[in-house]
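Between the sequences and the hints, there should be enough to build the whole structure, so can you do that?
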Amino acid sequence: MDPVADLRTFRGLIIDGDGVLWLGTTALPGLQEFFGLLRRRALPFVIATNNATTSPRNVQEKLSGFGVLVDEAEVLTSSEATAGLLRQRLGAGAKVLPIGERGLVDSLRLAGFTLVDKADGAQAVVAALDRGLTYERLMEASLAIEAGALFVATNPDVTYPVERGLAPGSGAILAALEATTGIKPLVVGKPEPHLFRQALQRLGTRPEETLGIGDRIETDVVGARRAGIGSALVLTGVTRPESLAASPIQPDWVFQDLRDLTAALDLPRDA
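At position 46 of the sequence shown the residue is numbered 46 (our numbering), and the sequence of numbers has no breaks.
Just so you know, not all the hints are guaranteed correct.
[Stated by the list, open to error] Derived DSS-like pairs: lysine-lysine, alpha-carbon spacing no greater than 30 Å straight-line:
hint, residue 1, residue 2
1, Lys184, Lys62
2, Lys118, Lys184
3, Lys95, Lys118
If you are wondering where the hints come from, they were derived from the structure by calculation, not from laboratory data.
Here is the structure:
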C-alpha cells in the first residue's frame, strides 16, 4: 500500500501542541496552512497536550494569536483527563493535594474536588509541572503519599521544549517524589492511553482510523501505539534526526514539519 495514500484514509487526528504546532511563544512554520486544510477537508481533530499548566481556553487564545481559530472542545489537556479519571476513582469532593499551576488547579476544582495544602487527610496527590514549586509543597506531597494517598501524575515528560532548549518538566518533579517515597505514580497523560481514549471519545472515531501527531518518541509515538492509533512524528520539537535513527521505536510516518505533513494530507486521492 502507498504509505501516503494510507495516511489520507484517517478520519480523525489527535495532535500534540508543544513542538508540533508551536514552540514556546512562536508558531511553527505551516501552522495556518495545516489548519486551513483540516477545515477544508472537514477532518475532525483534538489537540491533546500533556501540558498540565494550560487550559483549553489558553490554547484557544494562543492559536487565535497565531491566526488559527479552534473551539475549546477541540482541546484536551492532561489536567482535564486527570480530573476525569480521578473522579472515577475517588468521586467528587475527595481531598486532593495538587502540585501544579493554574491549569491543573482549575481542572480539579471544576471536577468538584476539595483542594488541600497539607498532607493530613489528603486522599490523592496529583503532580504536574509547577514552576513555582517550593520545598514545603514537595514535602507535604511526599508525606501524603507515604501515608497512603493515591499518587497520580498528569504526564511523565522529563523536559519540555522552549526557545533556548529543553527545560525541566513534570517528570523531574515525579522523580523527586518517587525517590522519596519509593512509589510510582499512576500516569494519565501520554504515553499512557487514557488521554488518547478521551480524545477518541470526542472525535467519535475508532483507533484504527485515527492518526496521532507528535514530536516525542517516548510519549507521542509510544502512546499512540498503546492506544492502537497511527503515529506521525514531526522533527520540530524534542526529537532530532539522529535520536530518531538510533531509536528502536519508530513512528509510522516522519515529517520535517507541518508543511510536509500538510502536503502529504493534501495530495489528491488518486495520487
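Practice task
Would you list, in rising numerical order, the hints stated earlier that this structure does not obey?
Solution key: 1
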